[in-house]
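A.B. asks: Go ahead and model the full structure; you've got the sequences and the hints to work with.
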Amino acid sequence: MNIGLAYDMARFEEKALLQAARRLGHTVSLIHVPNKEFWVTKPDSMSYDFIFQRCVSYYRAVSSTIVFERNNIPVVNSLNVIRDCEDKLLTTARLSAAGVDVPDTAVAFRREPALNASRRLGYPVVVKPIYGSWGRMIARAPDEETLQDIIELRENMQSPYIKIHYLQRYVDKPGRDIRAYYVWGDVPVAIYRVSGNWKTNTALGGKAEPAPITDELREIVIKSGEALGGGVLGIDLMESPDGRLLVSEINAIVEFRNTVRATGYDLAGKIVEETVRVMRR
Amino acid sequence: MPELSCPVCGGTMAVPEDALAGELFEHGECGAQLELIVDDSGSMSLKMAEEVAEDWGE
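Just so you know, the sequences run in chain order A and B.
Heads up: the first sequence begins at 1 in my numbering, then just goes up one per residue.
Heads up: the second sequence begins at 1 in my numbering, then just goes up one per residue.
Be a bit skeptical, because a hint or two may be false.
What the hints assert, rightly or not - Calculated cross-link-like contacts (lysine to any residue; reagent style SDA-like; alpha-carbon spacing at most 20 Å):
{"hint": "1", "chain 1": "A", "residue 1": "K15", "chain 2": "B", "residue 2": "L24"}
{"hint": "2", "chain 1": "B", "residue 1": "K47", "chain 2": "A", "residue 2": "N35"}
{"hint": "3", "chain 1": "A", "residue 1": "K15", "chain 2": "A", "residue 2": "F50"}
{"hint": "4", "chain 1": "A", "residue 1": "K36", "chain 2": "B", "residue 2": "S43"}
{"hint": "5", "chain 1": "A", "residue 1": "K36", "chain 2": "B", "residue 2": "S41"}
{"hint": "6", "chain 1": "A", "residue 1": "K199", "chain 2": "B", "residue 2": "E54"}
{"hint": "7", "chain 1": "A", "residue 1": "K270", "chain 2": "A", "residue 2": "V28"}
{"hint": "8", "chain 1": "A", "residue 1": "K36", "chain 2": "B", "residue 2": "L46"}
{"hint": "9", "chain 1": "A", "residue 1": "K15", "chain 2": "B", "residue 2": "E23"}
{"hint": "10", "chain 1": "A", "residue 1": "K15", "chain 2": "B", "residue 2": "D18"}
{"hint": "11", "chain 1": "B", "residue 1": "K47", "chain 2": "A", "residue 2": "P34"}
{"hint": "12", "chain 1": "A", "residue 1": "K207", "chain 2": "A", "residue 2": "G175"}
{"hint": "13", "chain 1": "A", "residue 1": "K15", "chain 2": "B", "residue 2": "P16"}
{"hint": "14", "chain 1": "A", "residue 1": "K15", "chain 2": "B", "residue 2": "V38"}
{"hint": "15", "chain 1": "A", "residue 1": "K163", "chain 2": "B", "residue 2": "D55"}
{"hint": "16", "chain 1": "A", "residue 1": "K36", "chain 2": "B", "residue 2": "I37"}
{"hint": "17", "chain 1": "A", "residue 1": "K36", "chain 2": "B", "residue 2": "L24"}
{"hint": "18", "chain 1": "A", "residue 1": "K15", "chain 2": "B", "residue 2": "E35"}
{"hint": "19", "chain 1": "A", "residue 1": "K15", "chain 2": "B", "residue 2": "E17"}
{"hint": "20", "chain 1": "A", "residue 1": "K15", "chain 2": "B", "residue 2": "Q33"}
{"hint": "21", "chain 1": "A", "residue 1": "K36", "chain 2": "B", "residue 2": "D40"}
{"hint": "22", "chain 1": "A", "residue 1": "K36", "chain 2": "B", "residue 2": "S45"}
{"hint": "23", "chain 1": "A", "residue 1": "K36", "chain 2": "B", "residue 2": "A21"}
{"hint": "24", "chain 1": "A", "residue 1": "K15", "chain 2": "B", "residue 2": "V15"}
{"hint": "25", "chain 1": "A", "residue 1": "K199", "chain 2": "B", "residue 2": "D55"}
{"hint": "26", "chain 1": "A", "residue 1": "K36", "chain 2": "B", "residue 2": "V38"}
{"hint": "27", "chain 1": "A", "residue 1": "K36", "chain 2": "B", "residue 2": "E23"}
As the list claims (entries may be wrong) - Okay, the calculated beta carbon distance ranges per label pair:
{"hint": "28", "chain 1": "A", "residue 1": "D172", "chain 2": "B", "residue 2": "E17", "range": "49 to 59 Å"}
{"hint": "29", "chain 1": "A", "residue 1": "E144", "chain 2": "B", "residue 2": "D39", "range": "49 to 59 Å"}
{"hint": "30", "chain 1": "B", "residue 1": "C30", "chain 2": "A", "residue 2": "E219", "range": "50 to 60 Å"}
{"hint": "31", "chain 1": "B", "residue 1": "M48", "chain 2": "A", "residue 2": "R218", "range": "38 to 48 Å"}
{"hint": "32", "chain 1": "B", "residue 1": "D39", "chain 2": "A", "residue 2": "V62", "range": "22 to 32 Å"}
{"hint": "33", "chain 1": "A", "residue 1": "L90", "chain 2": "B", "residue 2": "G10", "range": "41 to 51 Å"}
{"hint": "34", "chain 1": "A", "residue 1": "G122", "chain 2": "B", "residue 2": "D39", "range": "52 to 62 Å"}
{"hint": "35", "chain 1": "A", "residue 1": "R110", "chain 2": "B", "residue 2": "C30", "range": "44 to 54 Å"}
{"hint": "36", "chain 1": "A", "residue 1": "F12", "chain 2": "B", "residue 2": "G11", "range": "22 to 32 Å"}
What the hints assert, rightly or not - Footprint (simulated), chain B over chain A, 3 or more residues, beta carbon under 8 Å:
{"hint": "37", "region": "129 to 140"}
{"hint": "38", "region": "252 to 259"}
Don't read these hints as lab results, they were simulated from the structure.
For every residue, glycine included, the Cβ atom is placed at its ideal position computed from N, Cα and C.
C.D. replies: Here it is in structure tokens:
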């Protein structure tokens with residue numbers, strides 16, 4: 001197949017996908033998004049069978065995907081999947097509606113309703129921006145006084161989305177969370193992200209270790225992936241003290257360098273093989 | 001390996017033949033984070049890498 005690889009930074013993941021696709025006999029065209037012009041009103045003569053969207057910048061990913069889809073080229077992941085996964089509120093709403101266990105979550109737009117919701121959630125609570133990644137701007141409030149300080153800071157920030165107070169009951173994890181990969185209905189590999197920090201993101205120093213894919217994990221990951229529209233996803237889960245697995249976030253432009261290092265699993269090869277299989281249907 | 005000029009310190013830096021546009025390198029001499037630029041003719045150069053932005057992530 002003729003595969004496009006749209007990206008802005010060439011990281012481990014982009015090089016791994018490039019090498020895997022070439023090894024499997026496909027032609028890969030690199031689309032370095034920041035250096036290209038994209039015409040919206042004139043149909044382009046793009047001839048890709050599909051494009052992997054790999055921009056680290058969300059807005060570059062969404063904008064270039066709009067143009068690719070305008071030219072009737074399938075993009076992995078699609079515009080809707082990328083957009084829905086970026087929005088934590090929308091992700092939680094989709095998961096909850098699909099019957100997937102998520103942390104108790106409320107949203108409020110001003111201080112008083114945020115404090116009222118947090119009293120009902122019970123402290124500690126976690127306040128997240130609805131957009132963002134790598135654990136940025138996520139804060140934990142052990143009590144109401146701290147939450148008031150956090151909300152005051154947020155109310156004095158310029159971005160309107162920061163004033164959307166997405167509040168979750170804090171889940172007391174066992175020093176780790178789980179990152180599992182959903183690849184077109186399959187769950188090929190998962191890791192624990194082990195950390196002394198309550199934020200276990202590997203971007204913040206969490207250490208990757210292989211995790212078993214239990215029947216329960218597989219079922220939840222598949223249900224979550226389907227709720228967000230499928231494709232290739234990174235699904236983050238927390239083990240709650242009452243023994244349930246709660247889905248915290250879904251990532252649509254997944255990083256997997258640490259997963260490959262910890263498990264030796266050829267995830268790039270799996271992503272290419274499964275995507276080609278789906279595109280040939 | 002192509003020898004390119006560092007836009008920060010003016011020193012030279014060797015870049016692998018198979019490096020991709022958008023690949024990041026740290027210049028050993030000055031510590032600058034640099035991004036490889038490849039123009040339409042295939043000519044390579046280095047520029048300072050972008051700072052991590054608010055919309056970067058997974």
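A.B. asks: Against each hint, give a clear statement of whether it holds in the structure.
C.D. replies: Status of the hints after comparison with the structure:
1. With a C-alpha separation of about 12 Å, the suggested pairing of K15(A) with L24(B) holds against the 20 Å cut-off.
2. Restraint check: the Cα-Cα separation between K47(B) and N35(A) comes to about 13 Å, which is no more than 20 Å; the hinted pair holds.
3. Straight-line distance between C-alpha atoms of K15(A) and F50(A) comes to about 17 Å, which keeps the hinted pair within the 20 Å bound.
4. Between K36(A) and S43(B), the direct Cα distance comes to roughly 16 Å. Compliance with the 20 Å bound is thereby established for this hinted pair.
5. Of the supplied pair hints, the one linking K36(A) and S41(B) holds, its CA atoms being roughly 14 Å apart against a limit of 20 Å.
6. Restraint check: the Cα-Cα separation between K199(A) and E54(B) comes to about 18 Å, which is no more than 20 Å; the hinted pair holds.
7. For the given pair, K270(A) sits about 16 Å from V28(A) by alpha-carbon distance, which is consistent with the 20 Å threshold.
8. Under the criterion of a C-alpha separation no larger than 20 Å, the hint pairing K36(A) with L46(B) is consistent with the structure, at around 17 Å.
9. Our distance criterion of 20 Å between C-alpha atoms is met by K15(A) and E23(B), whose separation comes to about 10 Å.
10. Straight-line distance between C-alpha atoms of K15(A) and D18(B) comes to about 10 Å, which keeps the hinted pair within the 20 Å bound.
11. Proposed proximity of K47(B) and P34(A) is supported: the alpha carbons are some 13 Å apart, at most 20 Å.
12. Among the hinted pairs, K207(A) with G175(A) is consistent with the structure: their alpha-carbon atoms are about 11 Å apart, no more than 20 Å.
13. Between K15(A) and P16(B) the CA atoms are separated by roughly 14 Å; this keeps the pair inside 20 Å, and the hint holds.
14. Between K15(A) and V38(B) the CA atoms are separated by roughly 16 Å; this keeps the pair inside 20 Å, and the hint holds.
15. A C-alpha spacing of about 17 Å is found between K163(A) and D55(B), which places the hinted pair at or below 20 Å, so the restraint holds.
16. The suggested pairing of K36(A) with I37(B) holds, with an alpha-carbon distance near 12 Å, which does not exceed 20 Å.
17. With a C-alpha separation of about 19 Å, the suggested pairing of K36(A) with L24(B) holds against the 20 Å cut-off.
18. Simply put, K15(A) and E35(B) have alpha-carbon atoms about 15 Å apart, close enough for the 20 Å limit, and the pair holds.
19. In summary, the hint linking K15(A) to E17(B) is supported, as the alpha carbons are separated by about 14 Å, within the 20 Å threshold.
20. With a C-alpha separation of about 19 Å, the suggested pairing of K15(A) with Q33(B) holds against the 20 Å cut-off.
21. A threshold of 20 Å between alpha carbons decides the hint, and for K36(A) with D40(B) the separation of about 10 Å falls inside it, so the pair holds.
22. Taken as a hint, the K36(A) and S45(B) pair is honoured in the structure, with Cα atoms around 17 Å apart against an allowance of 20 Å.
23. For the given pair, K36(A) sits about 12 Å from A21(B) by alpha-carbon distance, which is consistent with the 20 Å threshold.
24. For a cut-off of 20 Å, the pair hint linking K15(A) to V15(B) stands: about 16 Å separates their Cα positions.
25. Restraint check for K199(A) and D55(B): satisfied, since their Cα atoms lie roughly 19 Å apart, inside the 20 Å limit.
26. As the CA atoms of K36(A) and V38(B) are separated by approximately 11 Å, the hinted pair is consistent with the 20 Å bound.
27. Between K36(A) and E23(B), the direct Cα distance comes to roughly 16 Å. Compliance with the 20 Å bound is thereby established for this hinted pair.
28. Look at D172(A) against E17(B): about 51 Å separates their beta carbons, and that is inside 49 to 59 Å.
29. Our hint of 49 to 59 Å for E144(A) and D39(B) holds, since their Cβ atoms are close to 57 Å apart.
30. Under the hint 50 to 60 Å, the C-beta atoms of C30(B) and E219(A), about 52 Å apart, fit the expected range.
31. Checking the proposed 38 to 48 Å range against M48(B) and R218(A) shows it holds: the Cβ atoms sit about 44 Å from each other.
32. With their beta carbons about 26 Å apart, D39(B) and V62(A) fall inside the hinted range of 22 to 32 Å.
33. The given range of 41 to 51 Å is respected by L90(A) and G10(B), whose C-beta atoms sit roughly 48 Å from each other.
34. Distance hint check: the CB atoms of G122(A) and D39(B) are about 57 Å apart, consistent with the given range 52 to 62 Å.
35. One distance hint, 44 to 54 Å for the beta-carbon pair R110(A) and C30(B), holds here, with the actual separation near 48 Å.
36. The given range of 22 to 32 Å is respected by F12(A) and G11(B), whose C-beta atoms sit roughly 26 Å from each other.
37. Closer than 8 Å: that is the beta-carbon criterion, and the region 129 to 140 of chain A has 5 residues meeting it against chain B, so the requirement of 3 holds.
38. Only residues whose C-beta sits within less than 8 Å of a C-beta in chain B count toward coverage, and the region 252 to 259 of chain A has 4 of them, enough to reach three; the restraint holds.
The structure agrees with every numbered hint stated previously.
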